[in-house]
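Peer 1: In case you want the letters, here they are:
Number of protein chains: 2
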Amino acid sequence: MDQNKIDGLDSIFYPKSVAVTGVTQTPGTVPYDIFYNILASGYKGVLYPVAPGKKSISAVKAYRYVSDIEADVDLAVIVFPAMVVEKALEMCGKKGVKAAIIISAGFREVGPEGIKREQRIKDICAEYNISLIGPNCLGVINTDPTSMLNASFARKMPSEDRIAFLSQSGALCTAVLDYARGKNIGFSKFVSFGNMAGVTEIDLLHYLHQDEKTDVILLYLEELRDGRGLMEAAKKITRGENAKPILAIKSGRTPQGADAASSHTGSLAGEDSICDAVFREAGIIRVNTLDAMFNAAILLAYQPMPAGNRVAIVTNAGGPGVMATDAAVSWNLDIARFEPKTTAKLQESLPAVANIKNPVDVIGDARSDRYEAALDAVIKDANVDQTLVILTPQSMTDIQEIARGIVKVQEKSNKPMACSFMGASDVQVGVDILERAHIPHYILPELACKAMANVQRICKWRQTDLTDFAPLPVDKAAAQAIIKDLPKGYLREDQALDVLKAYGLPVPEHKLCKNADEAVAFAEKIGYPAVLRVISPQIVHKFDVKGVALGLKNAEQLKKAYEDMVAHIGNVLPEAEITGMLVRGMIPAGHEVILGAKRDPVFGPTLMFGLGGLFVEVFKDVTFALAPIDEGAASRMVREIKAVSILQGARGTKAADMAGIEECLRRLGQMVSDLDRISELDINPLLVGPAEQGSAVADVRIRLDG
Amino acid sequence: MDQNKIDGLDSIFYPKSVAVTGVTQTPGTVPYDIFYNILASGYKGVLYPVAPGKKSISAVKAYRYVSDIEADVDLAVIVFPAMVVEKALEMCGKKGVKAAIIISAGFREVGPEGIKREQRIKDICAEYNISLIGPNCLGVINTDPTSMLNASFARKMPSEDRIAFLSQSGALCTAVLDYARGKNIGFSKFVSFGNMAGVTEIDLLHYLHQDEKTDVILLYLEELRDGRGLMEAAKKITRGENAKPILAIKSGRTPQGADAASSHTGSLAGEDSICDAVFREAGIIRVNTLDAMFNAAILLAYQPMPAGNRVAIVTNAGGPGVMATDAAVSWNLDIARFEPKTTAKLQESLPAVANIKNPVDVIGDARSDRYEAALDAVIKDANVDQTLVILTPQSMTDIQEIARGIVKVQEKSNKPMACSFMGASDVQVGVDILERAHIPHYILPELACKAMANVQRICKWRQTDLTDFAPLPVDKAAAQAIIKDLPKGYLREDQALDVLKAYGLPVPEHKLCKNADEAVAFAEKIGYPAVLRVISPQIVHKFDVKGVALGLKNAEQLKKAYEDMVAHIGNVLPEAEITGMLVRGMIPAGHEVILGAKRDPVFGPTLMFGLGGLFVEVFKDVTFALAPIDEGAASRMVREIKAVSILQGARGTKAADMAGIEECLRRLGQMVSDLDRISELDINPLLVGPAEQGSAVADVRIRLDG
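In the order they appear, the protein sequences are chains R and F.
Our numbering numbers the first residue of the first sequence as 1 and each following residue consecutively.
Our numbering numbers the first residue of the second sequence as 707 and each following residue consecutively.
Keep in mind the hints are simulated off the structure, nothing from the lab.
Computed from a predicted model, the values in this text were never measured in an experiment.
All C-beta atoms in this analysis are idealised placements derived from N, C-alpha and C, irrespective of residue type, glycine included.
Take the hints with a grain of salt, since some may be wrong.
What the hints assert, rightly or not - Reference listing, derived: stretches of chain F covered by chain R, where coverage requires no fewer than 3 residues with Cβ under 8 angstroms from a Cβ of chain R:
| id | segment |
| --- | --- |
| 1 | 731-739 |
| 2 | 890-901 |
| 3 | 1339-1353 |
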């Protein structure tokens, strides 16, 4: 991130002075509230209201124009109606204002007129080097005590915390602030970034990566405007020494949701499965709901990272222990098996009727001493990576004492812990103690398990081997030469095969032959058995017109097949003009896999992979990636499908040539990145044998753009 | 349900007098608390403490023995330690007490000693006709104003409501009561039924079906002790004129959870996928968490049933509208398409920037009038079955007024509604208004959608065509004759085929031939091509020893194959004793499906169905049922697998003979119900062709018990 951008964002989060332009005197309206929120939030700099015609706002001297302010202004918050924003921004530029937050709506999201308006805003920002948040947003909050800025129309300033929240939706922000307050969660920075006419979510991620006040970043998106950029940025932020977890909601997951999002933001959503791929390769943990997001965030912000996925559960109620076990296991957490010495300790300190296996049941009449003893024992167990403490409010349960005991044990531990004091009012006294001690609390144990499972996704990502993209040697010029002068539409099969061949894909030797003799001559060269495939611009589905002949063993069979095919097609599809026949050898049987590529209007070139036939159609068992892909991404892509076990040699069969598939995907990725006329490509199937046999392209379709 | 059971349960829920036996004077202990809870709950009958050696408990005259009480006692609540319970119960029996609740633990759940103790309790109940809840439970609560009984050690009496809760786990109950109170949810009846030594969950379901105070039944189970009984009972309760929805959590879903459950209750969990089948056929809606359960329960209890699955969403924030749309669609709800007149009305009453398509966005500055107008319009739309109202707390949002407006609109409507006022503290004033008006409120819109989706499961169940079990004509005697004298273990293939044949399954004509000539003679009779399959007690996997020959076209080929096979097996497996060869005709190709049956230790005979090969192994795409099954259940079973579209004719192929598969399953179900020596059976595969061709058993294994 360049210094100019950092300086701009510093001016947004840590301005020495702020002018609010367009302030009114009416409480309960956005223009007034924003001004008042800055005034009341304890802001450490100087605040200037710009309100033409007013002497003061809430006793603070008001200015007619921003240019009238006698001192420098770092940040302008613009709340004028959309029509006037341009003028106000220009005046800010002339004044030398470094950054602006445009709260006003009425831009890109309202259609062509607004798009033009937004472009003019962009131009002004570029001209005067203004760092811009918005337009169409709720504003910015920075709880850092050195700034204490609530430049938003959110009613209350959140408390200081280690969690940052970024949102494309402004309206969501008020709900999130209120929701978080209800759970005693605060924020480090809170940004409603709106239309991203200036600062983007990617800029903000980079900035927060360096922000010492932020440990966890939460992100709400309705579009991935620059999926590739987000992927590259997040990959750096979520890994390495200063790694910070990013949890994101990307709404518009379903076609109906995407429709709603686009009518709401004027943005194109892009294929959701490709969003998944972007997040996977970015190390962003995608969640679908605010509670899943915050439930994981508090565990990440308040507790250490676990060394592994083994959970110990301590409970005073069997039923919830069972439910927690179910939840943990179904989300791929392991139920820790205790060391013998732990079991011995538990046996010693718990009554005979207690369950000393994991989940440990300290029994309904347990008081704080029993909880502490059990917890202390399991936390010290080398097989335990994290603990979950469950409490139900029984008659004997000294809720506060137990909470204090838990805090005491946890203070001495460096393993993460989560608690679920089940209920609502009765347990609240205990929950307060836990929350003050920053031990994450969940109303149900299942929610704690889900949060732990999301943390595991981050651990797993951090352990993933990342590779750099290294292009494979290909003959780009040859491929370009083939397609250069071709019209829009599908490539002829032999040309499509030649393009693949230029990129090093395993294509069988083949030739387009104009007559039976030529076909025989070529077959003699490559050896029998041979395959004949009709080539005709009018024939898309060769099998429908019996346009394929397999396993032709000699010249005689080949010749006959050639003639029969011409005759048959002449009968059933007389309008078909037969260009010739593609002759090639037989391809050994193998697993049918599909490799696809497509130019997505939002994401650019993308790749698809799946097992052939019914697996794709019935089970939708496919994965995607942005092209090109590196070695690591290819490996993850292939291993992400559910049916991967089939390729790895389920049912006692030999493992398929996985490395070969991965290489094909990498070559294909390179190809669709290089050759931007290719709009769609399907290798269906690639026949994959065991490693020593390798793979071969059995059929391919390539479509060119105009 | 017989009158005796009803009378017994009446004595539990509506006793005219209650004796608490084993009361102490120490508040904070179970024996005192139970007594005090009845005293303080406003109980409408007479309460007697039985406390040897005490004159009074909390100013109420105490008795040495229950027999000392001068009047009749309907219900005894026994809180003595386990060792003394038997004695106390016997005294109750002699006194003529009609019902008892044994709170004390220390029975079945503690092992062999406890099991014996529990049996003695059962015997006493049988002898004196005592209706018994427990032991090892929290007690019983009835909020009916005519009874007002809190015979439990739960701290507070819940408010009266239309929801009943039944729990096998006592410890969970305190958490549930506190949790529900936090959401302003009350109960009609609340029962912790513990070890079910007397009254079972099935008895309670029948009772609640007739209970005028109950509309919705919630059930927490850790075992299905009588899955078949539960299925039959629930089927009656969840359908018909007085239908009441049942929502259940069955914990121990995972093997690890089941382990934990069995070490906790001493109960066997049974295969979880069979629990699923039981619930499916019972019409019980299975959920996994308490919040899913209560979220659906309030919608069922407080709102009418929807006519269909089409939802209208009204929101003041785009983002949450998109997230709600995603959630709704991913749970199979439809986003309603408005009628033109609705669109016109919305256009008229909302500002130009509002979104008048579903989800309707009334925009952040909406006040109550806009919400009311939008809601009124969409609720009246014939394409809308239910509405979801979302609110985020913006500056302009008059939360209380909007809540009141929503209530006003909803009062005139007969379609269900749910609301999500997102946040926590700011929105609480509105939430209170909604909850008082019994409009279900959810902290996130996604939770509302999930609740609506669970309600849809109930609607769908009510529309399901149920059929009665009608046995198909089979030759049970013939099958019995075959297996009668056979030893434990696998049946010989020809015998297994004969058993299937007796039950009318489509078995190819076959014969066990002792030599090549016999084989030829039989093949000539049934016609070529023929199949040879070696029969030997030592050979389990025929293909491994080349023990199968297919497509033998004439006597010569058959004879040669016979001799070659004998020779080959003599070489590779000299110890194999060859009984002979099974000769049969070729079976036409078709879809490979697997039909299985198994005697489950908990559920008895069960059936399994799935598509052959990888579908079962990789995707675990199988369904189960308790045997026998009726027509409807067979149809549901076959249609429950994900791959059913393949059988229905995906990829333009002909639909498979679904009716044939269903009949096979029904016959198989009848067979394993009739022939209880069969412990395991696999038809793998049944080859299924199109309807006119039908199915044929290609391979079968049947295992007999000793």
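Peer 1: Work down the list of hints and note, for each, if the structure agrees.
Peer 2: Status of the hints after comparison with the structure:
Under the rule that three or more residues need a Cβ within less than 8 angstroms of chain R, the assignment of the segment 731-739 of chain F holds, with 4 such residues. Counting residues of the segment 890-901 of chain F whose beta-carbon sits less than 8 angstroms from any beta-carbon of chain R gives 0, not enough to reach three: the coverage restraint is violated. Given a C-beta distance limit of less than 8 angstroms, the hint that chain R covers the segment 1339-1353 of chain F holds, as 4 residues qualify and 3 suffice.
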